[in-house]
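With the hints as a guide, bring both chains together as one complex.
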Amino acid sequence: MSHRRIQKEDHYTFDRSTIDYIQRAAATGLYEIRGLGAKRKVAHFDDLVFLAGSITRYPLEGYREKCATKTVLGTRYAKKPIELDIPITIAGMSFGSLSANVKEALGRAATECGTSTTTGDGGMTPEERQSSKTLVYQCLPSRYGFNPDDVRKANAIEVVIGQGAKPGGGGMLLGQKVNKRVAGMRTLPEGVDQRSACRHPDWTGPDDLTIKIKELREITDWEVPIYAKVGATRTFHDVKLCVHAGADVVVVDGMQGGTAATQTVFIEHIGIPTLAAVRLAVDALEDMNMKGKVQLIVSGGIRTGADAAKALAMGADAVSVGQGILFALGCNNETYLQRGEHHSAVADYETLGTAPGYCHHCHTGLCPVGITTQDEVLEQRLTPETGAKHVKNYLKTMNMELTTIARACGKSDVHHLEREDLVALTVEAAAMARVPLAGTRWIPGHSG
Amino acid sequence: MERIDLAKTPLRDLNQFLHHEVRKKKIKQVEIINPDGAHSIAVGVDAPVKIDVRGHTGYYCAGMNKQAEITVHGNAGPGVAENMMSGVVHVKGFASVSAGASGHGGTLIIDGDASLRCGISMKGIDIVVGGNVGNFSAFMAQAGTLVVCGDAGDHLGDSLYEAVIYLRGKVKSFGADAREEPMTKADEKKLAELLDRAGLKYKPKEFKRIASAKTLYNWNADADQEY
Chain A
1 MSHRRIQKED HYTFDRSTID YIQRAAATGL YEIRGLGAKR KVAHFDDLVF
51 LAGSITRYPL EGYREKCATK TVLGTRYAKK PIELDIPITI AGMSFGSLSA
101 NVKEALGRAA TECGTSTTTG DGGMTPEERQ SSKTLVYQCL PSRYGFNPDD
151 VRKANAIEVV IGQGAKPGGG GMLLGQKVNK RVAGMRTLPE GVDQRSACRH
201 PDWTGPDDLT IKIKELREIT DWEVPIYAKV GATRTFHDVK LCVHAGADVV
251 VVDGMQGGTA ATQTVFIEHI GIPTLAAVRL AVDALEDMNM KGKVQLIVSG
301 GIRTGADAAK ALAMGADAVS VGQGILFALG CNNETYLQRG EHHSAVADYE
351 TLGTAPGYCH HCHTGLCPVG ITTQDEVLEQ RLTPETGAKH VKNYLKTMNM
401 ELTTIARACG KSDVHHLERE DLVALTVEAA AMARVPLAGT RWIPGHSG
Chain B
449 MERIDLAKTP LRDLNQFLHH EVRKKKIKQV EIINPDGAHS IAVGVDAPVK
499 IDVRGHTGYY CAGMNKQAEI TVHGNAGPGV AENMMSGVVH VKGFASVSAG
549 ASGHGGTLII DGDASLRCGI SMKGIDIVVG GNVGNFSAFM AQAGTLVVCG
599 DAGDHLGDSL YEAVIYLRGK VKSFGADARE EPMTKADEKK LAELLDRAGL
649 KYKPKEFKRI ASAKTLYNWN ADADQEY
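For the protein sequence lines, the chains are A and B, in the order given.
Our numbering puts the first residue of the first sequence at 1, with every later residue one more than the last.
Our numbering puts the first residue of the second sequence at 449, with every later residue one more than the last.
Next up, chain B with everything else stripped away, as it sits in the complex (with noise of 0.2 Å):
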């Protein structure tokens, strides 16, 4: 195992061992200290690599990233995990706004709360907040799911594509063209890998689905219709 102190090593050597020796050495895991909310940690990261992160992090901890298992032992900041593609990022405390933003693929877990906009915009990727989510989560949600196990706030779901959204607690409101939807055997059982997989033990039973209404699919520009 390789450890990277950030309160010695500049972070653009960090992410440059990352994205070159861990596939040349075929390095396996990597710890990285002091990360001391440094923003852009792990980003870019294209191998199977396990990294934990001890401590806080700031803005894009494991933006983009493929095929790595990223761990943040503590908050991370606005933008984890945007426009992943694959592998695992597990958040153990909590998560500001915009986690997972745009993700295409892989696993966003994150044990706390996540704060606004979490899943916007996802394209894919797969997220489980263990606690409540802010406003506007999975807005403009194209594909992917969002599973929440406490409250969600207002507008959510707001104008969605073909994400699924499983919510366990209370919504404040839902956004444009969302709408709870009842659950199949295909939602429990999606639910319950996912909740697995996050190391949860809620029952997928506890859960709502929402998902579009599909009203806003279509624009009409060149309706010539009287009213």
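One chain only, chain A, in its complex shape (with noise of 0.2 Å):
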């Protein structure tokens, strides 16, 4: 019997799934949009590790010795700073993307672990205003729903110059997500797309910022923090230019961040990595000699809290969880809980042409799992009970692996671990980050 071989030869410029994308692009002849972040591989925390204490360092006790956590943010000029129990807070989320469920768990969660959420484009409800003891109120380019009431309800205000997943771009909330509420929320007939802008509609540059900062300033009678937060591009000189616009707060956003809608092109290939831009960050704020007294929040791709101890090692004073949050929430499992009982959604998955673990259909607003969704069907599969839980038991957690790390490198203070604490696996990280590469000196670009 003979026998017919079958050539099967990788080709890695047109790759299975570059293939998909042709073929896909020329059936339709539009571009994907989809949800979460960049799934490229780029160089990441994982690519850095701890030294921890031995003989040169004294470890603490894991279990028994106090590691403070406590994160004062907005020092510079509030007269009302923010005071947070865990340096990890939760990132901007619309609600118009999110459920009213989801955004009540999210302010439950944040309540009960003593950190902050915050709004996202959309507006603020009441729920969330309600369930929120910390509240952060973004200020968008399109400014849909921004009204001085709730201005003046914030706890701080976030000016959004832009996003890690899409930084130079607006955002896009497809028409089947905007019912009644959320339509009427941001002003627009339901059942319309809801284009945000990329560029803010009162103000250009960074002179402006600064005039703009100024104006949130007066309106909220110079008592809350106004952070201002960039997606990660040239970020060296943009957080410089947000502390000399006088932000209180610089927050940063990696290209791994998380997004409910934009172009795959623009996830994929705009901004840089989150690892890169910590270190240009600080760095802008070391060359203002401005580090400790503006302090800076690291997002985008933040999961564990490994990652957590690392943006703080390199610098940071706390981070912000998105998608790592939506995962807590039942993102992607194959069932959800409905009155005590576990429900398969998997046949969902398939009517969006997906399956569990492979899911960024968050812009169709048909989330199987209840999360990213304004159906009043499919929100009811998460309810903020149970939601505010799972995120509750997430953030725990990430706190006590920040906290046991920090130990294990002999810090009482989880803002105590220091860039010393770390070393790179591979040359990329050790070159973005400006560790040294495990076991050597070498620092790419800056020594040998």
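Heads up, a few of these hints could be off.
[To be verified] Derived pair list, reagent style DSBU-like, types lysine-lysine, alpha-carbon separation capped at 35 Å:
{"#": "1", "chain 1": "B", "residue 1": "K540", "chain 2": "B", "residue 2": "K474"}
{"#": "2", "chain 1": "B", "residue 1": "K662", "chain 2": "B", "residue 2": "K498"}
{"#": "3", "chain 1": "A", "residue 1": "K392", "chain 2": "A", "residue 2": "K80"}
{"#": "4", "chain 1": "B", "residue 1": "K620", "chain 2": "A", "residue 2": "K80"}
{"#": "5", "chain 1": "B", "residue 1": "K649", "chain 2": "B", "residue 2": "K620"}
{"#": "6", "chain 1": "B", "residue 1": "K456", "chain 2": "A", "residue 2": "K79"}
{"#": "7", "chain 1": "B", "residue 1": "K456", "chain 2": "B", "residue 2": "K473"}
{"#": "8", "chain 1": "B", "residue 1": "K651", "chain 2": "A", "residue 2": "K153"}
{"#": "9", "chain 1": "A", "residue 1": "K80", "chain 2": "B", "residue 2": "K649"}
{"#": "10", "chain 1": "B", "residue 1": "K638", "chain 2": "B", "residue 2": "K498"}
{"#": "11", "chain 1": "B", "residue 1": "K476", "chain 2": "A", "residue 2": "K153"}
{"#": "12", "chain 1": "B", "residue 1": "K662", "chain 2": "B", "residue 2": "K638"}
{"#": "13", "chain 1": "B", "residue 1": "K498", "chain 2": "A", "residue 2": "K80"}
{"#": "14", "chain 1": "B", "residue 1": "K498", "chain 2": "B", "residue 2": "K651"}
{"#": "15", "chain 1": "A", "residue 1": "K79", "chain 2": "B", "residue 2": "K476"}
{"#": "16", "chain 1": "A", "residue 1": "K133", "chain 2": "B", "residue 2": "K540"}
{"#": "17", "chain 1": "B", "residue 1": "K662", "chain 2": "A", "residue 2": "K180"}
{"#": "18", "chain 1": "A", "residue 1": "K79", "chain 2": "A", "residue 2": "K389"}
{"#": "19", "chain 1": "B", "residue 1": "K474", "chain 2": "A", "residue 2": "K79"}
{"#": "20", "chain 1": "B", "residue 1": "K472", "chain 2": "A", "residue 2": "K79"}
{"#": "21", "chain 1": "A", "residue 1": "K153", "chain 2": "B", "residue 2": "K498"}
{"#": "22", "chain 1": "A", "residue 1": "K8", "chain 2": "A", "residue 2": "K291"}
{"#": "23", "chain 1": "A", "residue 1": "K180", "chain 2": "B", "residue 2": "K638"}
{"#": "24", "chain 1": "A", "residue 1": "K133", "chain 2": "B", "residue 2": "K472"}
{"#": "25", "chain 1": "A", "residue 1": "K80", "chain 2": "B", "residue 2": "K651"}
{"#": "26", "chain 1": "B", "residue 1": "K656", "chain 2": "A", "residue 2": "K180"}
{"#": "27", "chain 1": "A", "residue 1": "K133", "chain 2": "B", "residue 2": "K662"}
{"#": "28", "chain 1": "B", "residue 1": "K456", "chain 2": "A", "residue 2": "K293"}
{"#": "29", "chain 1": "B", "residue 1": "K474", "chain 2": "A", "residue 2": "K153"}
{"#": "30", "chain 1": "A", "residue 1": "K80", "chain 2": "B", "residue 2": "K662"}
{"#": "31", "chain 1": "A", "residue 1": "K70", "chain 2": "A", "residue 2": "K293"}
{"#": "32", "chain 1": "B", "residue 1": "K476", "chain 2": "A", "residue 2": "K80"}
{"#": "33", "chain 1": "B", "residue 1": "K514", "chain 2": "A", "residue 2": "K153"}
{"#": "34", "chain 1": "A", "residue 1": "K153", "chain 2": "B", "residue 2": "K456"}
{"#": "35", "chain 1": "B", "residue 1": "K473", "chain 2": "A", "residue 2": "K80"}
{"#": "36", "chain 1": "A", "residue 1": "K79", "chain 2": "A", "residue 2": "K39"}
{"#": "37", "chain 1": "A", "residue 1": "K153", "chain 2": "B", "residue 2": "K472"}
Keep in mind the hints are simulated off the structure, nothing from the lab.
The following block contains the structure:
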């Protein structure tokens, strides 16, 4: 019997996903829009490891000795800086992209963990304000739902200049997610795509931003901190300009940061990795002698307590988590919990043309587990109570991991973690983070 | 009437006075002298008070205004009455860029010209401009009315949603999705009321209606059609 050999030679330039992309483009004439963040492999915090205590450093007992996590943000000008129990905050995600149940769950979990949550585009919901002890109110280019009453209710205001998933790009909430309530908050008809502009309507450039920040301070009687958030691109200069413009806190969001709906080409090809951005941001603060005076929050692919520890060691004051929170809520789970019973969501993933573990269809509003939806039936798949419990557990776990690492490095305060505690596993990470390659003294581009 | 001299009073004290003392003491009228182009004059006011600013203002005068009736007896800098919720802001002179940006309600009257992006992202505010408006006016305007008694620049009404523009003069070009539509009786009634509010004597019949063609309202992300 003859055997016919099937040739299966991989093509690295036109691999299967590239062929799929080309054929999809050819069939539809449209670029893909999707949710979540960059999927490509980039240098990240996984490429760093800690040098814990041994003989040269003295570790703290992991389960016994105290390790402080208190975090204060907005000490530069605000009369009432933000005081958090942990340095892990919840990133801005809009009501509209997320259901009202989820927004309430985030507020509850954040309050129970002593941290802050953030509004996102589309305004502040009463449920969110009520459930959140510390709520950061975003001032975005769209200004959807932005109003002075909510400005005065906020504990901090975040002027969003860009987002890691799409720096330089606006947003899009597709019409299928725009129900009566979302439409009302955004002053647009139901079912219409809501484009979020890429530029603010009333200021352009750093000098204008200085005046805008001052206006917000005047409106709030200089009481609450003003954050400025940038997507990571020319981070060194952007952070300097935010500091120059008078921000109390700068938020830097790397390219792994998530989105509810953005073009894939944007998500994967614009912006720099969080690891590179955090170092540039800290460089900028140090260059201006503003480290410790202006606080730095880092976001974009923060998943674990180890990621948080590494960001803090690199010089961040806090981290912000978005997609990790969605996964904690059950994003991409095979089942959802309703009335005490697990129900399969697999068929609903299939309807979207995907499967659990691969879904990024936040933009459709048909989230099989009830997170990124405004559908009356689907949103019942996640109650605020269940969501809050899972997010609380996740944040608690991350914080325990963070303090475990800090203690191992001999720190009684997580904010004492430092760059000297880190080495890199790859040349790329060593170059970006500017810490030595493990087992060497070599920092590419800086030593040797 | 209270008179505040910005040459002697810090801006922060002025705004805090307008936020707290005006409400507490139920002050009905405030006059601000020597504004000297300062930014953020009378921002975040939320009280039924009449405020007269005697001179030119910088950025964001009357920003986020609620209830107050604020008159600028001069020219206004960028973002006058930005994000206004209610009340009236009247600029007796010219207005710079982004006048009435993202305004949710109330009325903004500009006797002279308004520069670029007048009414950008407006969300329910009514804006009446006695003169001309610059390029990209009513860009992504969601709701409300922009009345232009003079001419308009390029890209008027680009990416309009539900806001309506009434233009008396010429337009250099329309923006994406903006188009001229026939004036209805309801348009004429609304326009007459706005012109009256602004103290202008033009006839509604002299104006054109510009609104969204709504072709950009929905982007088909999941289309699987062949071409």
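Hints, one by one, checked against the model:
Distance restraint check for B/K540 and B/K474: the Cα-Cα separation of roughly 26 Å lies within the 35 Å cut-off, and the hinted pair is therefore satisfied. Distance check on the hinted pair: B/K662 and B/K498 sit about 39 Å apart at the alpha-carbon level, beyond 35 Å; violated. For the proposed pair A/K392 and A/K80, the alpha carbon gap of about 25 Å is at most 35 Å, so the pair holds. For a cut-off of 35 Å, the pair hint linking B/K620 to A/K80 is broken: about 50 Å separates their Cα positions.
Note on B/K649 and B/K620: the hinted pairing holds, with a Cα-Cα distance of about 25 Å set against a maximum of 35 Å. Restraint check for B/K456 and A/K79: satisfied, since their Cα atoms lie roughly 24 Å apart, inside the 35 Å limit. For the proposed pair B/K456 and B/K473, the alpha carbon gap of about 22 Å is at most 35 Å, so the pair holds. With a C-alpha separation of about 44 Å, the suggested pair B/K651 and A/K153 falls outside the 35 Å cut-off, and the hint is violated.
A threshold of 35 Å between alpha carbons decides the hint, and for A/K80 with B/K649 the separation of about 51 Å lies outside it, so the pair is violated. Our distance criterion of 35 Å between C-alpha atoms is met by B/K638 and B/K498, whose separation comes to about 25 Å. A C-alpha spacing of about 26 Å is found between B/K476 and A/K153, which places the hinted pair at or below 35 Å, so the restraint holds. In summary, the hint linking B/K662 to B/K638 is supported, as the alpha carbons are separated by about 22 Å, within the 35 Å threshold.
Between B/K498 and A/K80, the direct Cα distance comes to roughly 31 Å. Compliance with the 35 Å bound is thereby established for this hinted pair. Proposed proximity of B/K498 and B/K651 is supported: the alpha carbons are some 29 Å apart, at most 35 Å. Taken as a hint, the A/K79 and B/K476 pair is honoured in the structure, with Cα atoms around 30 Å apart against an allowance of 35 Å. For the hint linking A/K133 to B/K540, the alpha-carbon distance of about 44 Å lies beyond 35 Å, and the restraint is violated.
With a C-alpha separation of about 19 Å, the suggested pairing of B/K662 with A/K180 holds against the 35 Å cut-off. Between A/K79 and A/K389, the direct Cα distance comes to roughly 33 Å. Compliance with the 35 Å bound is thereby established for this hinted pair. At roughly 27 Å between alpha-carbon atoms, B/K474 and A/K79 fall within 35 Å of each other, so this suggested pair holds. Restraint check: the Cα-Cα separation between B/K472 and A/K79 comes to about 22 Å, which is no more than 35 Å; the hinted pair holds.
Annotation: proposed proximity of A/K153 to B/K498 holds, straight-line Cα distance about 25 Å (limit 35 Å). With a CA separation close to 54 Å, the supplied pair A/K8 and A/K291 exceeds the 35 Å bound. Our distance criterion of 35 Å between C-alpha atoms is met by A/K180 and B/K638, whose separation comes to about 26 Å. Taken as a hint, the A/K133 and B/K472 pair is honoured in the structure, with Cα atoms around 28 Å apart against an allowance of 35 Å.
Taking the CA atoms of A/K80 and B/K651, the gap is near 53 Å; set against the 35 Å cutoff, the hint is violated. For the hint pairing B/K656 with A/K180, the CA-to-CA distance comes to about 31 Å; that is within 35 Å, so the pair holds. With a C-alpha separation of about 41 Å, the suggested pairing of A/K133 with B/K662 is violated against the 35 Å cut-off. The straight-line distance between the Cα atoms of B/K456 and A/K293 is roughly 31 Å, inside the 35 Å bound, and the hint therefore holds.
For the proposed pair B/K474 and A/K153, the alpha carbon gap of about 23 Å is at most 35 Å, so the pair holds. Restraint check for A/K80 and B/K662: not satisfied, since their Cα atoms lie roughly 45 Å apart, outside the 35 Å limit. Using a Cα cut-off of 35 Å, the hinted pair A/K70 and A/K293 holds, with the two alpha carbons roughly 16 Å apart. About 31 Å separates the Cα atoms of B/K476 and A/K80, which keeps this hinted pair within 35 Å; it holds.
Among the hinted pairs, B/K514 with A/K153 is consistent with the structure: their alpha-carbon atoms are about 16 Å apart, no more than 35 Å. Taking the CA atoms of A/K153 and B/K456, the gap is near 31 Å; set against the 35 Å cutoff, the hint holds. At most 35 Å may separate the alpha-carbon atoms for a hinted pair to count; B/K473 and A/K80 meet this at roughly 26 Å. Distance hint between A/K79 and A/K39 is unfulfilled; the C-alpha atoms sit about 41 Å from each other, more than 35 Å.
With a CA separation close to 19 Å, the supplied pair A/K153 and B/K472 stays within the 35 Å bound.
The structure does not agree with the numbered hints 2, 4, 8, 9, 16, 22, 25, 27, 30 and 36 stated previously, though it agrees with the rest.
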